[in-house]
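Asker: If you want the building blocks of each chain, they are given just below.
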Amino acid sequence: MNVEELKKKLIAAARVHPPDDRVPYAFEQRVTALLAGRGEANRWVFLTRGLWRAAISCVAVAVICGAVAFFTPATRDTGNDLSQDFENTLLASVDQGEATP
Amino acid sequence: MERSEAELIAAVLNGDSTSFEPLVKKYSPRVFATARRYARRDSEVEDIAQEVWLKAFDKLKSFRGEAPFEHWLMRMTVRTCYDFLRGHQRNRESSFSDMSEDESDWLEKFAADPGSAAEDAAAAKTLIGRVMEKLSPEARLVIQLLEIEDRSVKEIAELTGWSVPLVKVRAFRARGEMRKILARMAREKYL
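Note that the protein sequences, when read in sequence, are chains A and B.
Sequential numbering of the first sequence, starting at 1, is according to the numbering used here.
Sequential numbering of the second sequence, starting at 1, is according to the numbering used here.
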């Protein structure tokens, strides 16, 4: 069998049978609906991505603050604890009032 | 009043996705006809066409309007079809043993007298379909564009994004590949 001739014949067969250009019913409407749906989905993706970024930033800030608090050398202990300092500050005006004649 | 293509594209780029619908309606027959050259099942053809339009929508910003929209779209269609071929190479290794009676008759007629086998016969159409399915994706694309659609090497380079020398090399290999497949088909038929 002459392969080259067969090739020519089959190529000619493909040429005389052009493909069908029929479009399924309402195809363009389906594509438009899909695009609109994708736009909606994209908005949610955008929001979710933003929230994730914010969460990551918050965790990063917390880690940095923790590291700073952990590695910063502690100030010399004045002997008073925090509750005592708080009370002194809160009652400072009262103490001053009592001290003045 | 009917809006021009440029107006529709500008509207889509400004966020009005409904203006895309007339473009889909106008060019879908060409997209479907092209997709049917590479895929057989209706569902596959529709998937390709849908992917083409989604890509076109996403990449519309890259359309500069220097060439007609149709050319830009057809480039996208051919490339999507090529991606489809690369992802669906299922029948390449199958034999020709399941040839129908009509196909066998057509081949026999051709073997006896090449002139008597009509190219417009349905059997010839299904046979070329079988042969094309056995080609590699590159070879199939090149044979389709160069031999069947009769496009120039330069046009194929533009459509596929390949360089002109690459198209020539692939065309040479594709013809060789096709000859081998046809020889195998003839051998299997007469063994």
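Be a bit skeptical, because a hint or two may be false.
As the list claims (entries may be wrong) - Keeping only pairs whose Cα atoms sit at most 25 Å apart, straight-line, the calculated PhoX-like set for lysine-lysine is: (1) B:K59 <-> B:K154; (2) B:K154 <-> B:K189; (3) A:K7 <-> B:K109; (4) B:K26 <-> B:K59; (5) B:K125 <-> A:K8; (6) A:K8 <-> B:K189; (7) B:K109 <-> A:K8; (8) B:K168 <-> B:K180; (9) A:K7 <-> B:K168; (10) B:K154 <-> A:K7; (11) B:K125 <-> A:K9; (12) B:K154 <-> B:K109; (13) B:K59 <-> B:K25; (14) B:K189 <-> A:K9; (15) B:K55 <-> A:K8; (16) A:K8 <-> B:K154; (17) B:K125 <-> B:K189; (18) B:K61 <-> B:K26; (19) B:K109 <-> A:K9; (20) B:K25 <-> B:K61; (21) B:K26 <-> B:K55; (22) B:K109 <-> B:K125; (23) B:K180 <-> B:K125; (24) B:K189 <-> B:K109; (25) A:K7 <-> B:K125; (26) B:K55 <-> A:K9; (27) A:K9 <-> B:K25; (28) B:K25 <-> A:K7; (29) B:K180 <-> A:K7; (30) A:K8 <-> B:K59; (31) B:K154 <-> B:K168.
Hints listed in this document are in silico derivations from the structure and should not be mistaken for laboratory results.
Remember, it's a predicted structure, so these values are computed and weren't measured experimentally.
Asker: Take the hints in turn and mark each one as holding or not.
Answerer: Results of checking the hints against the structure:
1. B:K59 <-> B:K154: Holds, at about 24 Å.
2. B:K154 <-> B:K189: Given pair K154 of chain B, K189 of chain B is violated - Cα atoms ~38 Å apart, limit 25 Å.
3. A:K7 <-> B:K109: 15 Å, holds
4. B:K26 <-> B:K59: 18 Å, holds
5. B:K125 <-> A:K8: Distance ~13 Å between K125 of chain B and K8 of chain A Cα, so the pair holds.
6. A:K8 <-> B:K189: 19 Å, holds
7. B:K109 <-> A:K8: Answer holds: K109 of chain B to K8 of chain A is near 15 Å, not above 25 Å.
8. B:K168 <-> B:K180: Holds, because 19 Å separates the two Cα atoms, which is no more than 25 Å.
9. A:K7 <-> B:K168: 19 Å, holds
10. B:K154 <-> A:K7: 23 Å, holds
11. B:K125 <-> A:K9: 10 Å, holds
12. B:K154 <-> B:K109: 37 Å, violated
13. B:K59 <-> B:K25: Holds, at roughly 18 Å.
14. B:K189 <-> A:K9: With Cα atoms ~17 Å apart, K189 of chain B and K9 of chain A stay inside 25 Å; holds.
15. B:K55 <-> A:K8: 36 Å, violated
16. A:K8 <-> B:K154: With a Cα-Cα distance of about 23 Å, the restraint between K8 of chain A and K154 of chain B holds, given a limit of 25 Å.
17. B:K125 <-> B:K189: Holds, at roughly 17 Å.
18. B:K61 <-> B:K26: 20 Å, holds
19. B:K109 <-> A:K9: 12 Å, holds
20. B:K25 <-> B:K61: 20 Å, holds
21. B:K26 <-> B:K55: Within the cut-off at roughly 17 Å; holds.
22. B:K109 <-> B:K125: Roughly 15 Å between the alpha carbons, so the hint for K109 of chain B and K125 of chain B holds.
23. B:K180 <-> B:K125: 19 Å, holds
24. B:K189 <-> B:K109: 13 Å, holds
25. A:K7 <-> B:K125: 12 Å, holds
26. B:K55 <-> A:K9: Given that 25 Å is the threshold and the Cα spacing comes to 37 Å, the pair is violated.
27. A:K9 <-> B:K25: 35 Å, violated
28. B:K25 <-> A:K7: Roughly 36 Å between the alpha carbons, so the hint for K25 of chain B and K7 of chain A is violated.
29. B:K180 <-> A:K7: 11 Å, holds
30. A:K8 <-> B:K59: 39 Å, violated
31. B:K154 <-> B:K168: Status holds; Cα separation ~10 Å.
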